[in-house]
Amino acid sequence: MNSIKRGKWLALLCLAPFAVFFIIFQIAPLAWVMLHSVQVESSWGLDNFSKVFNSKFYRQAIQHSLQISFWSSLFGILIAILGSYSLRRVDSRLRDFVNAFANMTSNFAGVPLAFAFIILLGFNGALTMLLKQAGIIEDFNLYSKSGLIILYTYFQIPLGVLLLYPAFDALREDWRESAELLGAGAWQYWRHIGLPVLTPALLGTFVILLANALGAYATVYALTTGNFNVLPIRIAALVAGDISLDPNLASALAVILVGLMTLVTFVHQWLLKRSYHVAR
Amino acid sequence: MSRAEPGTSSLYHRLVVYLLFIILLLPLAGTLLYSLATSWSASLLPSGLTFKWYLALWSDPRFLAAFGQSLLVCVGALLLSVLLILPLLFVVHYHFPRLDALMNILILLPFAVPPVVSSVGLLQLYGSGPMAMVGTPWILIGCYFTVALPFMYRAITNNLQAINLRDLMDAAQLLGASTFQAAFLVVLPNLRKGLMVALLLSFSFLFGEFVFANLLVGTRYETLQVYLNNMRNSSGHFNSALVISYFLFVLVLTWAANRLNKDKS
Chain A
0 MNSIKRGKWL ALLCLAPFAV FFIIFQIAPL AWVMLHSVQV ESSWGLDNFS KVFNSKFYRQ
60 AIQHSLQISF WSSLFGILIA ILGSYSLRRV DSRLRDFVNA FANMTSNFAG VPLAFAFIIL
120 LGFNGALTML LKQAGIIEDF NLYSKSGLII LYTYFQIPLG VLLLYPAFDA LREDWRESAE
180 LLGAGAWQYW RHIGLPVLTP ALLGTFVILL ANALGAYATV YALTTGNFNV LPIRIAALVA
240 GDISLDPNLA SALAVILVGL MTLVTFVHQW LLKRSYHVAR
Chain B
0 MSRAEPGTSS LYHRLVVYLL FIILLLPLAG TLLYSLATSW SASLLPSGLT FKWYLALWSD
60 PRFLAAFGQS LLVCVGALLL SVLLILPLLF VVHYHFPRLD ALMNILILLP FAVPPVVSSV
120 GLLQLYGSGP MAMVGTPWIL IGCYFTVALP FMYRAITNNL QAINLRDLMD AAQLLGASTF
180 QAAFLVVLPN LRKGLMVALL LSFSFLFGEF VFANLLVGTR YETLQVYLNN MRNSSGHFNS
240 ALVISYFLFV LVLTWAANRL NKDKS
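Protein sequence lines, in the order shown, are assigned to chains A and B.
Heads up: the first sequence begins at 0 in numbering that gives the first Met the number 0, then just goes up one per residue.
Heads up: the second sequence begins at 0 in numbering that gives the first Met the number 0, then just goes up one per residue.
Calculated directly from the structure, the hints in this document are not laboratory data.
Just so you know, not all the hints are guaranteed correct.
What the hints assert, rightly or not - Quick list of in silico lysine to any residue cross-link-like pairs, SDA-like style, CA-CA up to 20 Å:
#1 A:K7 / B:G6
#2 A:K4 / B:M195
#3 A:K4 / B:G217
#4 A:K7 / B:W57
#5 A:K272 / A:S177
#6 A:K7 / B:A171
Claimed, not checked - Restraint-style ranges between C-beta atoms, simulated for each label pair:
#7 B:S177 / A:D245: 50 to 58 Å
#8 B:L63 / A:P16: 17 to 25 Å
#9 A:G203 / B:G67: 25 to 33 Å
#10 B:L48 / A:Q187: 24 to 32 Å
#11 B:W254 / A:L45: 50 to 58 Å
#12 B:S127 / A:P16: 47 to 55 Å
#13 B:W254 / A:F52: 45 to 53 Å
#14 B:L184 / A:K7: 33 to 41 Å
#15 B:S177 / A:L45: 31 to 39 Å
#16 A:M128 / B:K192: 33 to 41 Å
#17 B:Y11 / A:Q187: 15 to 23 Å
#18 A:K7 / B:G175: 30 to 38 Å
Since we're looking at a predicted model, the values are computed, not measured.
Glycine residues also receive a C-beta, built at the ideal position from the N, C-alpha and C atoms.
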């Protein structure tokens with residue numbers, strides 16, 4: 000009995016190194032941010048937050064972050080839906096190849112991706128020139144909001160395919176055949192069978208894409224050298240910029256960013272409860 | 000679900016898949032072409048091809064240093080992760096199965112808290128004082144451990160469940176092995192392949208990490224991504240050679256991981 004107890008203590012001891020490192024590098028920084036977001040010059044208060052919400056500049060950062068995340072997640076998931084559905088319906092050689100390629104491009108993000116886009120779609124980019132010469136576009140500014148949405152959409156696609164491809168397993172082929180036999184058209188099949196079955200997976204993927212875009216920093220930083228106004232850029236500028244450091248204000252912005260992500264997750268849970276489930 | 004279909008619908012699906020492939024390929028192909036071009040401006044195709052940008056890149060001592068430092072930080076972080084996560088997983092699954100639920104919540108934190116948020120706290124906590132680490136590779140190794148944690152934890156858990164940990168341990172102990180002997184000589188070798196796959200994939204995304212590297216350390220211990228960002232004002236061809244070299248390296252790693260994964264099943 001005694002030796003079993005000692006064994007348990009020894010086992011608990013094995014957890015200690017992990018706990019120490021996890022606290023130092025994950026819990027403590029987060030706790031610091033939470034505490035200091037409500038601290039103003041050694042007293043407590045919500046001044047940091049009211050400063051953020053009363054500032055046009057910071058409100059714009061929040062708005063940009065939300066707009067870019069929403070549109071890039073929407074376009075990303077639409078392309079991923081069409082792509083992964085078709086991926087399931089082509090021969091296995093093509094499927095495996097494109098799947099593996101999508102997997103690999105999910106590592107193509109951040110600084111290298113920004114550089115690739117500058118070469119392709121920058122002011123003198125090859126694709127910009129091509130489209131201009133063909134007369135399809137007048138001008139294209141990659142360093143604008145719409146440019147960033149395109150760039151973000153690109154890195155959302157592989158992630159979307161990665162997450163959605165297995166979800167199509169839930170759609171059984173005989174359901175489609177039965178629906179067809181009973182006289183349902185393609186639209187009716189999707190409206191009443193396909194989409195309701197896929198809804199939980201679609202919602203989950205959309206939330207992950209949103210969170211992915213909200214927290215993204217490297218791509219937009221590398222593209223605009225930190226000159227485009229989004230939340231992660233503002234946070235970093237307040238702790239590592241050249242002028243006007245304000246870690247407490249940065250903490251408030253960081254709490255808002257994490258809060259937005261948490262809110263999205265809660266909305267997801269709520270929608271999930273209301274949606275139709277396939278019993279597993 | 001994946002049977003081949005005749006006629007127009009088959010053609011449509013092939014077209015969509017090709018289109019997806021082209022969208023994903025385009026930025027890479029453009030960069031590859033640019034890295035091989037002598038000069039390329041205001042025309043559809045470059046005027047000539049050359050390897051000189053790759054030669055310039057691979058003979059730049061600053062690049063080689065950054066490459067080496069990236070390797071060191073990533074290998075260090077993965078070693079630390081294995082040392083911390085393996086005992087943790089073993090103890091959780093063998094002694095305290097109920098802790099797994101708590102761990103599954105804890106490992107969400109690195110996902111839910113973006114690196115830019117953690118950096119705010121890290122910079123203030125370890126910028127000075129008794130635990131000053133900002134500006135050294137040590138802080139990166141610690142942070143990369145948290146970045147790799149969710150993925151490593153899930154991957155190794157799946158492996159542990161596949162090998163039937165409890166039966167294996169009981170059998171070893173019945174044959175007279177101590178708990179430590181059973182864990183090291185029986186369980187560990189069975190995890191080797193799954194662990195390798197998890198390590199290769201973790202390596203490939205740690206190698207591309209930029210936020211922690213740039214905010215916490217910057218040029219004081221330049222990693223590949225920070226170097227790439229700092230070279231923004233040099234020739235675009237040179238940068239393209241850098242991007243392609245980086246991507247090829249990651250490609251080989253993920254390819255190796257995929258091969259290993261296939262062999263397993």
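Verification of the hints:
1. A:K7 / B:G6: violated, 65 Å
2. A:K4 / B:M195: Distance ~34 Å between K4 of chain A and M195 of chain B Cα, so the pair is violated.
3. A:K4 / B:G217: This hinted pair is violated, its Cα atoms lying about 48 Å apart.
4. A:K7 / B:W57: Violated, at roughly 53 Å.
5. A:K272 / A:S177: Given pair K272 of chain A, S177 of chain A is violated - Cα atoms ~28 Å apart, limit 20 Å.
6. A:K7 / B:A171: With a Cα-Cα distance of about 19 Å, the restraint between K7 of chain A and A171 of chain B holds, given a limit of 20 Å.
7. B:S177 / A:D245: 50 to 58 Å: Check passed, 56 Å falls within 50 to 58 Å.
8. B:L63 / A:P16: 17 to 25 Å: Given range 17 to 25 Å: violated, Cβ gap about 34 Å.
9. A:G203 / B:G67: 25 to 33 Å: Once the Cβ atoms are compared, 40 Å apart, the range 25 to 33 Å for G67 of chain B and G203 of chain A is violated.
10. B:L48 / A:Q187: 24 to 32 Å: violated, 54 Å
11. B:W254 / A:L45: 50 to 58 Å: holds, 52 Å
12. B:S127 / A:P16: 47 to 55 Å: violated, 25 Å
13. B:W254 / A:F52: 45 to 53 Å: holds, 49 Å
14. B:L184 / A:K7: 33 to 41 Å: Given a distance of about 22 Å, which is not inside 33 to 41 Å, the answer is violated.
15. B:S177 / A:L45: 31 to 39 Å: Violated, since S177 of chain B and L45 of chain A (Cβ atoms, about 57 Å apart) do not stay within the stated range.
16. A:M128 / B:K192: 33 to 41 Å: Violated: the Cβ-Cβ distance is about 48 Å, outside 33 to 41 Å.
17. B:Y11 / A:Q187: 15 to 23 Å: holds, 19 Å
18. A:K7 / B:G175: 30 to 38 Å: Since the Cβ atoms of K7 of chain A and G175 of chain B sit about 22 Å apart, the hinted range of 30 to 38 Å is violated.
Hint compliance for this structure: hints 1, 2, 3, 4, 5, 8, 9, 10, 12, 14, 15, 16 and 18 are broken, all remaining hints hold.
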